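Visitor: Sequence:
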Amino acid sequence: MSRRIENDTQLAKAIQGMQRLSDEIEDFEDTPDPLNHDKHEKNRNVLIVTSKLVQEYSRGKEVQADPSRAAYYDQMGWSYQDLSEPTETPQTAPKTNTPTEAKQAPKQPAEPPKTASKVSSWLDD
Numbered sequence: 001m002s003r004r005i006e007n008d009t010q011l012a013k014a015i016q017g018m019q020r021l022s023d024e025i026e027d028f029e030d031t032p033d034p035l036n037h038d039k040h041e042k043n044r045n046v047l048i049v050t051s052k053l054v055q056e057y058s059r060g061k062e063v064q065a066d067p068s069r070a071a072y073y074d075q076m077g078w079s080y081q082d083l084s085e086p087t088e089t090p091q092t093a094p095k096t097n098t099p100t101e102a103k104q105a106p107k108q109p110a111e112p113p114k115t116a117s118k119v120s121s122w123l124d125d
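To convert, note that position 4 of the sequence shown is 4 in our numbering; the numbers rise steadily by one, no gaps.
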């Protein structure tokens, strides 16, 4: 799974989202609307995935507090999120407007092409 809950703020948002989805699913089941069946299935799938992420994060917090739980979770075959590794990617320095290449002198415009009247003007002299 590529998504992760990175901190307690994201955990709270995920739980709020699960509550909202649960309400929508419950409303649909009370008064089914065939036109919203696809949305209902999508909401159910999102709820399932989100609940799994919340559970894995919560287990990871338990393992962080008591590392002996990791062996228990492994024995039970339950997945948990490893919170010991840094979860944030290192921030790169903001880009400045310094050029990486030396500035080149502006190119001189090429001479305009000679037209036939200019070429033949020397004949008039």
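Treat the hints with care, as some may be off.
Here are the simulated EDC-like pairs of lysine to aspartate or glutamate, each with C-alpha atoms no more than 20 angstroms apart in a straight line [as the list claims (entries may be wrong)]:
id	residue 1	residue 2
1	K39	E62
2	K39	E56
3	K61	E26
4	K61	D82
5	K39	E24
6	K13	E29
7	K39	D27
In case anyone wonders, no lab produced these hints; they're calculated from the structure. Here the structure is a predicted model, which means the values were calculated and not measured.
Visitor: Now, for every hint given, state plainly whether the structure supports it.
Guide: Against the structure, the hints come out as follows:
Of the pairs offered as hints, the one joining K39 and E62 is violated, with about 34 angstroms between alpha carbons and a cut-off of 20 angstroms exceeded. Note on K39 and E56: the hinted pairing is violated, with a Cα-Cα distance of about 26 angstroms set against a maximum of 20 angstroms. A threshold of 20 angstroms between alpha carbons decides the hint, and for K61 with E26 the separation of about 30 angstroms lies outside it, so the pair is violated. The suggested pairing of K61 with D82 holds, with an alpha-carbon distance near 9 angstroms, which does not exceed 20 angstroms.
The suggested pairing of K39 with E24 holds, with an alpha-carbon distance near 10 angstroms, which does not exceed 20 angstroms. For the hint linking K13 to E29, the alpha-carbon distance of about 24 angstroms lies beyond 20 angstroms, and the restraint is violated. A distance of roughly 12 angstroms separates the Cα atoms of K39 and D27; the hinted pair therefore holds under the 20 angstroms criterion.
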